[in-house]
Amino acid sequence: MSKQEKNIWEKLENLPREFLYGLLLIAFIVPMINPMGLPLPVTPEVKKWYDTIEALPSGAAIIIDQGYSGGGEPECGPFAVAVYHHIFRKGGLRVIGVATTQEGPLLWDKAMAEVNPEKYGRKYGVDYIMLGYFAGVETAMAALGKDLRALTSTDYKGASLDQYPVMQGIKGATTVNLLICYTTGGDQSEGWVRQWYTPYKTPYLCNVLALMMPTMLPYMKAGQIVSLTSGAQAGQMESLVKVPARGIAGADVMTFTEILVSAFVVVGNIAYFGRRASKKKA
Amino acid sequence: MAIAMDLASVTSIWLAALFTIWAYSYTFRDNVWFKFAEHIYVGAAAGNLIVLGIDNVIRYGWLPLTKGSMLYIVVFLLGILLYSRYHGKYFWISRFPLALMVGIGIGLSMRSTVTSEFIAQIQSTVTMKVLGVADPWTAFSNLVFIIITLCVVYFFVFTFPGIHKGNLGIISKIARYSMMAAFGYSFANGFLSRVTMIFGRLDFLKSQWLPLPGAMVALPIVLVLLVYAMLPAEKRPWPKPTKSK
Amino acid sequence: MLSIAAVIVMADYFLKIPGTSAVVTDLQNWGVILSAFALGYGAVNLFYVHTRHISRRTPGQWPYSICLLVMLVLFSVVGVSLKYTGPEYQWLYNSTLFALSATIYSSTGFYIASGCYRALRARNSEAAILMIVGLIVLLKNAPALAVGVPILVTMENWLSSVPTTSAQRGIMMGAALGAIALGVRTMIGRETGFLGRLTEAER
Amino acid sequence: MLATGRIFALGTLIAIWIFALVSMMMARKKLPSFRKLAGLDALPEMVGRAAETNKSVHFTTGGGGSLTDPVLPQLIAAMAVLGHVSELCAKYGVRVVYTVFLAEMMPIATEVMRAAYIKEGKGDAFNAEIQVRYMSGDQFAYSSAVQGYAERERPAANIMIGPFYAESQLFAETFFRVGSIQLAGTARGYQIPFFAVVCDYLLIAEEIYAAGAYLSKDPAQVGSIRGQDLGKALALILTILGVLATVAGSSIINDLLKM
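Chains as they are written, first to last, in our numbering: chain S, 1 to 282; chain F, 1001 to 1245; chain X, 2001 to 2203; chain Y, 3001 to 3259.
The hints are simulated quantities; they were obtained by calculation from the structure and are not laboratory data.
Take the hints with a grain of salt, since some may be wrong.
[To be verified] Computed Cβ-Cβ distance ranges for the label pairs, DEER-style:
1. N7/S / T1127/F: 53 to 59 Å
2. R3152/Y / N7/S: 30 to 36 Å
3. I3018/Y / P41/S: 25 to 31 Å
[Claimed, not checked] From the derived model, a few chain S residues whose C-beta atoms are all more than 12 Å from chain X:
4. I33
5. K48
6. I53
7. P57
8. K90
9. L106
10. L107
11. R149
12. S153
13. Q163
14. K171
15. L178
16. S262
17. K280
18. A282
Think of the CB as a built atom: it goes at the ideal place given N, C-alpha and C, for glycine as much as any other residue.
I would like the entire structure built from these sequences, with the hints used as guidance.
Right, here's the structure in full:
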């Protein structure tokens, strides 16, 4: 096709991707430099999550699956960090970290560096602990539920569990008051329902990628998950916990970019129909 | 971020920042910086996997063995047999460990799919209430839900081509339309996840890298070099004797 | 061997035979171990391919191959000798692997955006449905917009819980049957191209 | 003896086995007819285009899963398609490249491809080193390596079948960008949409499991697909009865399923 034949519609229909990506980058950068604090409503699920932790009695044990991969950290991380802030500030809670992804322990360190539990006076081994990575996803979950000490006798650095007061009396699912899972994988988010909620009825909070929400919603509807949230809701949790960080800053960006991409769809369609109309005339 | 940081964290942030920029550059156009980052990544990932693999072998193989589960000798033998593939004559032995792995996989797949993806799905469909719900909208939604599920299952029938023709074609049509709606939903929803991820990376650059001394100067240099690398060789202002391929 | 392993794994789940669950835990550990052994294939292959690039000085490739091998060796040596939970390994991980995997993962966002521009077009009635649903979801996901236009949230909720979930459920049920039938074929050695056929030919 | 809550599931599993086995035996007498799958019918055209433009065909099974994972059947299904594609490529003299994520797939894929080349009488034309390329065992390292490969070799066709994860979006756009004609299929519900929107030909979930049978026309395989269809009939009947029972206020089907 010669260049003269290409009319404006066709050009519009085939905008170079560099141009589109450039626009998208601008939509990211402008609100980042210039935060405008657009309204951010707190959804009932996030509120429920917050209330569930708030309602835990002193001495309650929470098992947390640091089940996301390194690639998913930017989405799952901020929410997890906000929740850790909440747990450590509230105090009197015991956090037992496990990981169903191999990168989990490394990402746990990353999250802890960000939260800094010492700031709230919480100590490793007394208030929180990381048991390490367990291979086999659902098999590991089932084994953890039955008797986690049969699965491991050390924490992720290889130190014996008996020396840590936080592990006192913790055996399996029956000695745990709450289960939290942050994950980028459907095997994890659904696995905990099957291996923990179904047999032990442990209250379960689950945080997944936004794109996994439709698949996971039925579980919450059936009451198997107390509160299901997505990483994109981190800003809401941060505003509840009052530790503004990555999540709140990201909310403006979401508004900007989502509207821009909606505009992409609209312009793309206008171009498509414009070209069809001009072809008919010719 | 004015806290003085040790050299290790500073270099770590610099490296991470550069790799972030180079990895993004591919979305615009392929270039040598991306190629460099790609090879670093593949090498690092391979090393990481070896480390984790050795850890797995020790944790799940060596420890039980030292605790007296002699059966684990067999699995070590099988593991070594995998490498018989490199032998010209006895390469077929490597099929035994592979067959064992496939067998475990098939068993796991059958037992979990039949319950969670088949029975449980039927179960939660049949418990949906169409009558006796106070809210007529919910009743209607549930009815639509059930119809769509049935139509989609029907759509996948392969060996009775007759049932997709004539008046019955409407069922496949409903199935196709609702699948398209589902795909449209998930596709667009997927973008939200990625926005938070891209934001995470850009935020890292903005709030961790740029405040470091020198970063503000380095950023334009890095970007100019990138754009230069993206230009086709003949368009470059300054000729360079690199050949691609 | 294949069928025996499969049957044991299934029996453990459906029947309560004392002892099977321990056997299955062992079997699954074996799977993990064998996968780890198989990783060696990959490492051997990478080593082979890239050392050859270097020795032949493949133009435009060999310097990269050096980088690759250096990283490979660096990671394995540090990880094995200094333990992978140590600070040195953490440093390596954070400066390279973590940054790169998070970035590559997130770059999918760019691709979805251009996909939205190019592919969400109302070419026919099916594509139109796809486009309209996609547009509603995109608009709803802008938090500030969702506050102003609550109907978007209602619509999105319905789309998510009714057509999306039900269609996915139908797809899932079909896929489950497909996987089971394929399992049967593999167990009795009738699946083409997977272990079975070749042994016959070579015998 | 039987685990409670799983009795019905076991019964269903056995029923599906019986459906499949009986249909396999019956198919030997008369081959059941098959619904058209446009994606698979397009394979010769895709390979043909590669032959015309003197470019390669790329095949991938995605950047996830393992042999001991429940997603294994998708990998096996992909191998059946790979075998067929290799036969076509051997026939037309086109190079087919399988980029490997799972190291344990290397020996399997190599044997499948070599057998296909031998079947077409071109065993010598097969070069495992070039055609079975291990990229990386890390999801996104694999993705970036495949992206690099796409950009540098610009294959004429890209076939993606298997358990795909987030790399589906990267691959679909990248190969579109380099002008490959694409056939994609996966049974992972999260990822089907990304293929559906971008790729030229699509196999949805169950269709990938049926692909081997569709391509080979092997009576036993086609028969087992008939068995699958009977399973679907069972699902439809159970669902309709269950819904009717719930409407009538009885939970009989639900109780049965819970057994």
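Against the structure, the hints come out as follows:
{"no.": "1", "hint": "N7/S / T1127/F: 53 to 59 Å", "result": "57 Å, holds"}
{"no.": "2", "hint": "R3152/Y / N7/S: 30 to 36 Å", "result": "34 Å, holds"}
{"no.": "3", "hint": "I3018/Y / P41/S: 25 to 31 Å", "result": "54 Å, violated"}
{"no.": "4", "hint": "I33", "result": "18 Å, holds"}
{"no.": "5", "hint": "K48", "result": "16 Å, holds"}
{"no.": "6", "hint": "I53", "result": "23 Å, holds"}
{"no.": "7", "hint": "P57", "result": "33 Å, holds"}
{"no.": "8", "hint": "K90", "result": "27 Å, holds"}
{"no.": "9", "hint": "L106", "result": "6 Å, violated"}
{"no.": "10", "hint": "L107", "result": "8 Å, violated"}
{"no.": "11", "hint": "R149", "result": "15 Å, holds"}
{"no.": "12", "hint": "S153", "result": "16 Å, holds"}
{"no.": "13", "hint": "Q163", "result": "17 Å, holds"}
{"no.": "14", "hint": "K171", "result": "18 Å, holds"}
{"no.": "15", "hint": "L178", "result": "26 Å, holds"}
{"no.": "16", "hint": "S262", "result": "4 Å, violated"}
{"no.": "17", "hint": "K280", "result": "16 Å, holds"}
{"no.": "18", "hint": "A282", "result": "20 Å, holds"}
Hints 3, 9, 10 and 16 from the earlier list are contradicted by this structure; the remaining hints agree with it.
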